[in-house]
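Undergrad: Sequence:
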Amino acid sequence: MTNNLNAYFEKYLQKEMLFRDKKVFTMSYTPDSIEFRDEQIDIIAGILAPALRVEKPSNLFIYGKTGTGKTLTVRHTANHIQQVAKEKEIPVKVIYLNCKLKRVADTEYRLVAQLGYELGLTEEDIPPTGLPTDEVYKKFYRVLDKQKQVVILILDEIDQLVKKAGDEILYNLTRINSELKLAQVTIIGISNDLVFTDGLDTRVKSSLSEEELVFPPYNAFQIQNILKKRAKIAFKDGVIQEGVIEKCAAYAAREHGDVRRALELLRVSGELAERKGEEKIAFSHLDEAEDKIERDRVIDIIETQPKQFQALLYAVLKLSQNTQGFILTGEAYELYKSICYTIDLRPLTQRRISDVITELDMLGIINAKIISKGRFGRTREIALAIPSTTRPKVQTILEQGLAIQA
DNA sequence: TGTCCACTGGAAGGGAGGGCTT
DNA sequence: AAGCCCTCCCTTCCAGTGGACA
Numbered sequence: 000m001t002n003n004l005n006a007y008f009e010k011y012l013q014k015e016m017l018f019r020d021k022k023v024f025t026m027s028y029t030p031d032s033i034e035f036r037d038e039q040i041d042i043i044a045g046i047l048a049p050a051l052r053v054e055k056p057s058n059l060f061i062y063g064k065t066g067t068g069k070t071l072t073v074r075h076t077a078n079h080i081q082q083v084a085k086e087k088e089i090p091v092k093v094i095y096l097n098c099k100l101k102r103v104a105d106t107e108y109r110l111v112a113q114l115g116y117e118l119g120l121t122e123e124d125i126p127p128t129g130l131p132t133d134e135v136y137k138k139f140y141r142v143l144d145k146q147k148q149v150v151i152l153i154l155d156e157i158d159q160l161v162k163k164a165g166d167e168i169l170y171n172l173t174r175i176n177s178e179l180k181l182a183q184v185t186i187i188g189i190s191n192d193l194v195f196t197d198g199l200d201t202r203v204k205s206s207l208s209e210e211e212l213v214f215p216p217y218n219a220f221q222i223q224n225i226l227k228k229r230a231k232i233a234f235k236d237g238v239i240q241e242g243v244i245e246k247c248a249a250y251a252a253r254e255h256g257d258v259r260r261a262l263e264l265l266r267v268s269g270e271l272a273e274r275k276g277e278e279k280i281a282f283s284h285l286d287e288a289e290d291k292i293e294r295d296r297v298i299d300i301i302e303t304q305p306k307q308f309q310a311l312l313y314a315v316l317k318l319s320q321n322t323q324g325f326i327l328t329g330e331a332y333e334l335y336k337s338i339c340y341t342i343d344l345r346p347l348t349q350r351r352i353s354d355v356i357t358e359l360d361m362l363g364i365i366n367a368k369i370i371s372k373g374r375f376g377r378t379r380e381i382a383l384a385i386p387s388t389t390r391p392k393v394q395t396i397l398e399q400g401l402a403i404q405a
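Residues in the first sequence are numbered consecutively from 0, following numbering that gives the first Met the number 0.
Please note that a few of the clues may not be correct.
[To be verified] Subject to a maximum C-alpha distance of 30 Å in a straight line, what follows is the list of computed BS3-like cross-link-like pairs (lysine-lysine): (1) Lys246 with Lys279; (2) Lys92 with Lys10; (3) Lys291 with Lys275; (4) Lys291 with Lys368; (5) Lys368 with Lys22; (6) Lys92 with Lys22; (7) Lys138 with Lys180; (8) Lys180 with Lys231; (9) Lys10 with Lys85; (10) Lys275 with Lys306; (11) Lys99 with Lys291.
It should be emphasised that the hints constitute simulated quantities derived from the structure, not laboratory data.
All chains, full assembly: derive it from the sequences and hints.
TA: This is how it looks when you write it as structure tokens:
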């Protein structure tokens with residue numbers, strides 16, 4: 000390769016590129032118009048409109064599965080309101096927070112701190128850690144209440160927040176208005192979890208869902224439509240083989256109508272085709288892309304896990320090579336312990352490992368199901384949720400990460 | 001029918017790592 | 001520097017449990 004580098008780059012430059020503009024594939028891309036969501040936009044706009052009269056809009060709760068356009072639609076509508084407010088000098092402020100982002104808004108302290116930052120406080124006012132939580136609240140209230148204004152607080156993936164930090168935080172937030180003299184806060188909660196509110200404190204529940212809105216999944220036709228529109232911007236003319244978009248949409252529709260998936264699939268297909276120097280994106284690229292996306296996701300997760308998690312995963316991997324069927328918690332724990340001893344790592348307790356198993360399950364790296372073996376106790380059946388083609392690679396990564404000689 | 005296994009998962013708490021105020 | 005308060009990761013302790021078996 001070294002000797003041919005010039006030739007390679009030369010060829011690279013000459014090669015017909017498939018992409019015209021990749022920005023439509025980024026998360027932050029907002030199309031001028033949002034397809035198939037007029038109804039939802041109208042409803043949201045109607046609910047938020049009182050903000051323009053500096054009255055507090057009702058709180059709103061939005062459900063819908065991933066990739067159904069919730070975030071996009073809400074932000075789109077809220078931005079419009081803010082735009083109008085700005086022109087007419089009406090004091091409306093929109094704050095958008097994604098509660099899932101680690102180290103941003105996944106605990107009560109950090110959420111409130113983040114809200115403070117959004118309102119102009121700095122890390123000097125609220126350090127990332129250290130203050131009592133109610134002190135952070137006070138600082139937040141103070142900056143919020145400095146002027147008469149309506150604040151629209153959009154909490155995306157709010158279910159994640161509650162799962163990690165409990166629902167007390169929502170209780171505090173819904174009561175926030177009674178603490179304020181000038182400002183008013185409206186909360187828009189967005190959740191992927193359709194039964195999320197079931198577990199909430201009833202007071203929180205009723206106050207948070209003054210209004211509710213459900214985003215249905217897109218159907219195959221709608222996904223197709225959206226894909227075509229974006230593909231027109233993203234790719235040069237005629238580089239997508241007939242039927243590829245349709246199939247892409249069909250995949251995604253089957254997988255719960257997730258447009259984000261569909262877009263990613265299309266992008267990766269394009270990249271694969273381009274890298275191979277092909278002129279058209281074909282069905283084969285679509286299949287390859289599906290594989291690659293899953294593989295990258297798995298590898299990315301595994302590489303960033305702490306050693307303890309990796310050691311456990313290695314144990315599960317080894318066990319699933321040697322035994323047919325399921326692995327039980329006890330077995331996995333025993334092997335994990337002996338792995339720890341050979342690599343000089345202090346093993347965690349079984350209780351902790353139990354939580355680690357749950358975490359890996361939630362990441363989709365393993366499947367763990369509680370079963371009862373009657374007289375022989377209750378435990379979890381664990382199975383690796385990694386496609387067999389990816390396992391050798393995973394094994395190498397783990398062996399490197401843990402410094403194990405194969 | 002009751003027993004009893006091999007765990008699960010809740011509760012409490014410790015201590016390391018951080019930063020605050022005084 | 002002392003004394004708080006925070007989060008995160010972890011341990012210890014323990015009550016709870018579905019269902020095969022006696």
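Undergrad: Work down the list of hints and note, for each, if the structure agrees.
TA: Against the structure, the hints come out as follows:
1. Among the hinted pairs, lysine 246 with lysine 279 is consistent with the structure: their alpha-carbon atoms are about 15 Å apart, no more than 30 Å.
2. Simply put, lysine 92 and lysine 10 have alpha-carbon atoms about 51 Å apart, too far for the 30 Å limit, and the pair is violated.
3. Between lysine 291 and lysine 275 the CA atoms are separated by roughly 15 Å; this keeps the pair inside 30 Å, and the hint holds.
4. Using a Cα cut-off of 30 Å, the hinted pair lysine 291 and lysine 368 holds, with the two alpha carbons roughly 27 Å apart.
5. For the proposed pair lysine 368 and lysine 22, the alpha carbon gap of about 41 Å is over 30 Å, so the pair is violated.
6. Between the alpha carbons of lysine 92 and lysine 22 the distance comes to roughly 27 Å, so the proposed pair stays at or under 30 Å and holds.
7. Proximity of lysine 138 to lysine 180 is assessed by CA-CA distance (about 15 Å); at most 30 Å being required, the pair is judged to hold.
8. For the suggested pair lysine 180 and lysine 231, the alpha carbons sit about 51 Å apart, so the restraint of at most 30 Å is broken.
9. Restraint check for lysine 10 and lysine 85: not satisfied, since their Cα atoms lie roughly 51 Å apart, outside the 30 Å limit.
10. Among the hinted pairs, lysine 275 with lysine 306 is inconsistent with the structure: their alpha-carbon atoms are about 36 Å apart, more than 30 Å.
11. With a CA separation close to 24 Å, the supplied pair lysine 99 and lysine 291 stays within the 30 Å bound.
The structure shown violates the earlier hints numbered 2, 5, 8, 9 and 10.
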